[in-house]
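*Asks:* Here are the chains, one letter per residue:
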Amino acid sequence: MELFTNQVLSGIATGAIYACMALAVVMIYEAIDHLNFAQGEMAMFSTFAAWQFMQWGIPYWGAFVLSVVLSFAAGIAIERALFRPLGHASVLVQIAGFIALFAIINSVAGLIWDFTIKPFPTPFGSTPLLGGVISSHQAGMIAVTILLLGFLYVFFSFTRVGLAMRAAATMPESAKLVGVNVGWMIALGWGLAAAIGAIAGIMIAPVIFLEPNMMGGVLLYGFVGAVLGGLSSPAGAVAGGFIVGVLENLAGTYIPGVGNELKLPIALAMIIAVLVFKPNGLFGRVQVQRV
Amino acid sequence: MSIKVRSRLAALSAATLAVTMMSGAAFAQKKYDTGATDTEIKIGNIMPYSGPASAYGVIGKTIDAYFKKINAEGGINGRKISFISYDDGYSPPKAVEQVRKLVESDEVLLVFDPLGTPSNTAIQKYLNQKKVPQLFVATGATKWNDPKSFPWTMGWQPNYQTEGQIYAKYVLKEKPNAKIAVLYQNDDYGKDYLKGFKDGLGAKAASMIVAESSYEVSEPTIDSHIVKLKSSGADVFFNIATPKFAAQAIKKAAEIDWKPMQFLNNVSASIGSVIKPAGFENAQGIISAAYLKDATDQQWKNDAGMKRFDEFLAKYFPEGNRIDLNVIFGYSVSQTMVQVLKQAGDNLTRANVMKEAASLKDLELDLLLPGIKINTGPTDFAPISSVQLMRFKGDTWERFGDVLSADATN
Numbered sequence: 001m002e003l004f005t006n007q008v009l010s011g012i013a014t015g016a017i018y019a020c021m022a023l024a025v026v027m028i029y030e031a032i033d034h035l036n037f038a039q040g041e042m043a044m045f046s047t048f049a050a051w052q053f054m055q056w057g058i059p060y061w062g063a064f065v066l067s068v069v070l071s072f073a074a075g076i077a078i079e080r081a082l083f084r085p086l087g088h089a090s091v092l093v094q095i096a097g098f099i100a101l102f103a104i105i106n107s108v109a110g111l112i113w114d115f116t117i118k119p120f121p122t123p124f125g126s127t128p129l130l131g132g133v134i135s136s137h138q139a140g141m142i143a144v145t146i147l148l149l150g151f152l153y154v155f156f157s158f159t160r161v162g163l164a165m166r167a168a169a170t171m172p173e174s175a176k177l178v179g180v181n182v183g184w185m186i187a188l189g190w191g192l193a194a195a196i197g198a199i200a201g202i203m204i205a206p207v208i209f210l211e212p213n214m215m216g217g218v219l220l221y222g223f224v225g226a227v228l229g230g231l232s233s234p235a236g237a238v239a240g241g242f243i244v245g246v247l248e249n250l251a252g253t254y255i256p257g258v259g260n261e262l263k264l265p266i267a268l269a270m271i272i273a274v275l276v277f278k279p280n281g282l283f284g285r286v287q288v289q290r291v
Numbered sequence: 001m002s003i004k005v006r007s008r009l010a011a012l013s014a015a016t017l018a019v020t021m022m023s024g025a026a027f028a029q030k031k032y033d034t035g036a037t038d039t040e041i042k043i044g045n046i047m048p049y050s051g052p053a054s055a056y057g058v059i060g061k062t063i064d065a066y067f068k069k070i071n072a073e074g075g076i077n078g079r080k081i082s083f084i085s086y087d088d089g090y091s092p093p094k095a096v097e098q099v100r101k102l103v104e105s106d107e108v109l110l111v112f113d114p115l116g117t118p119s120n121t122a123i124q125k126y127l128n129q130k131k132v133p134q135l136f137v138a139t140g141a142t143k144w145n146d147p148k149s150f151p152w153t154m155g156w157q158p159n160y161q162t163e164g165q166i167y168a169k170y171v172l173k174e175k176p177n178a179k180i181a182v183l184y185q186n187d188d189y190g191k192d193y194l195k196g197f198k199d200g201l202g203a204k205a206a207s208m209i210v211a212e213s214s215y216e217v218s219e220p221t222i223d224s225h226i227v228k229l230k231s232s233g234a235d236v237f238f239n240i241a242t243p244k245f246a247a248q249a250i251k252k253a254a255e256i257d258w259k260p261m262q263f264l265n266n267v268s269a270s271i272g273s274v275i276k277p278a279g280f281e282n283a284q285g286i287i288s289a290a291y292l293k294d295a296t297d298q299q300w301k302n303d304a305g306m307k308r309f310d311e312f313l314a315k316y317f318p319e320g321n322r323i324d325l326n327v328i329f330g331y332s333v334s335q336t337m338v339q340v341l342k343q344a345g346d347n348l349t350r351a352n353v354m355k356e357a358a359s360l361k362d363l364e365l366d367l368l369l370p371g372i373k374i375n376t377g378p379t380d381f382a383p384i385s386s387v388q389l390m391r392f393k394g395d396t397w398e399r400f401g402d403v404l405s406a407d408a409t410n
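Residue numbers (the working numbering), protein chains in the order written: chain E, 1 to 291; chain Z, 1 to 410.
Pulled out of the complex, with its shape left as it was, chain E reads as follows (with noise of 0.2 Å):
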């Protein structure tokens, strides 16, 4: 029973990882109607810059502003730049253009900051909680994970800009009827996710520690976990990154034989017949289209 508990315990633990990634790429689906391969990598960049900040001097949180507000910026340079002028193009062409940028970033992280690992500071301390299974990082962590979301609810269900974002996502013609500057939603959707990756970064990096190629596996849990809960709804994001976290563990030590070297792919299988009977994630709204 208590392994049962700590598994459970730890899979929280490692879901807030996934629920924290699941939320940037729910903030750039609502934006852009796809989903961005580089996400994890641009997360990746600002982590380093905070980092670098911090090596030349500048306290935690200071780092930690500077480096959210450069990634807004740069996402929305980024979209500028990149992503508008193939806007029109089909979508294979922009996931090639994502798939570019994944390795570009990837790449110039590697020239710059190598790739040896770095510790990442945490301002949670690492005490041990519960008998050691959570640290006092990882209860932050979930605090910051809950708090991003709330901003988010608020943010797409009561603001204009939100509402507007939403509606420029979905449905880009009519949006534009009524008088939604389609193109800066777009680029402004690009800057928020841009600066909720950068906070996930540096939630995360402290648990699996700094390395140009720290957020390849977190970027494909978090894209399941999203899918799972649902990609138009944060909520379900988050709830969707953290069942994937106690699936995996429970999976990994429960089943048998295979399950420790199986326990992603037994975990996907459940999220895939979960899909299959709500298509839209459990938490999802329901598309519903007109004839």
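In case anyone wonders, no lab produced these hints; they're calculated from the structure. Accuracy of the hints is not assured; some may be wrong.
What the hints assert, rightly or not - Okay, the calculated bits of chain Z under chain E, using three or more residues with CB under 8 Å as the criterion: (1) 41–55; (2) 222–229; (3) 240–254; (4) 316–329.
Every residue, glycine too, gets a C-beta built ideally from N, C-alpha and C.
Go by the hints and put chain Z onto chain E.
*Replies:* Same frame as chain E, now just chain Z:
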């Protein structure tokens, strides 16, 4: 010169050299194969400069810088080295394509330090068919020491199985009733270590190993594995993980208050890139094995070899990160290559290069641990076959016991 050979041997080899020169004078002919001339030796290489294993790319950069140093100092027997290194992205098909290009279009004399077990496996047949030396491959797999089937392929570093066996012997001696938990990376590298470890435990392996858990490199964290291994009640933990995961495991074990006797594979024994990120306080007492000096270890601060290494970094490779063990690796493997080419003299045929590579006697390098020497022979294609155990204390590795070799464990 930075390679020290014991003086007695130096005298011996000087004598040999004199004899060779005299007999050489009889036909006074310089002998060359493709890739070598009076002024140049072409050396080919493949490295993962991009892709999942790009962290190792720095080995290629270090080798390049080291050969620049050799060239600046006059080359080898008057010949400059041209080092041609291509990116294979850690992908075997790409490795084959790039090696073909090296052999057939760049016309290199030999392929030196190609990296990775999968890539080397992919190019081994081709190079042996073409009779092109595949020298000092950068992988610890056990299969490279097979001169009978692959006379053109030679390893360099101690192999993983030997190291695993050495830990097993230590456990049997110090903790015969141990309950052992093993974490390993789910690939050839991890399984090679595990096999050596089990072979070392012998018949007791099945009863002593109470838990095994394998992780995939795509997993963001391995926390869950550590929680599971702890619950097995094990009092010995063998950590067969690459640096990032090894550091996570050490940190997590401390966080959940699990204090077994810990063994850490040499792959992740770097103080700067594993122990420090994991936290010195969490790593006290960990046992590992080494054959190279760690530049971040204070005990080598005034070491002559380390000083020469630092001079090299300052002058030829200022962007090199000295805490990165891959830089130490690249430096040392280059010194071995240079020694072979020196020994080959003016007889730069592929066959003679292989012959000289297989006649290294008690070669010491700047950054090999004291007492560890490179020895090869016609039936021994494993240049470095010994390691020394060490225990982490304070902020440094304390070596203990004798230098152990594969033969000693058999």
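*Asks:* So which of those numbered hints doesn't the model satisfy?
*Replies:* Of the numbered hints given earlier, the structure breaks none, since each of them holds.
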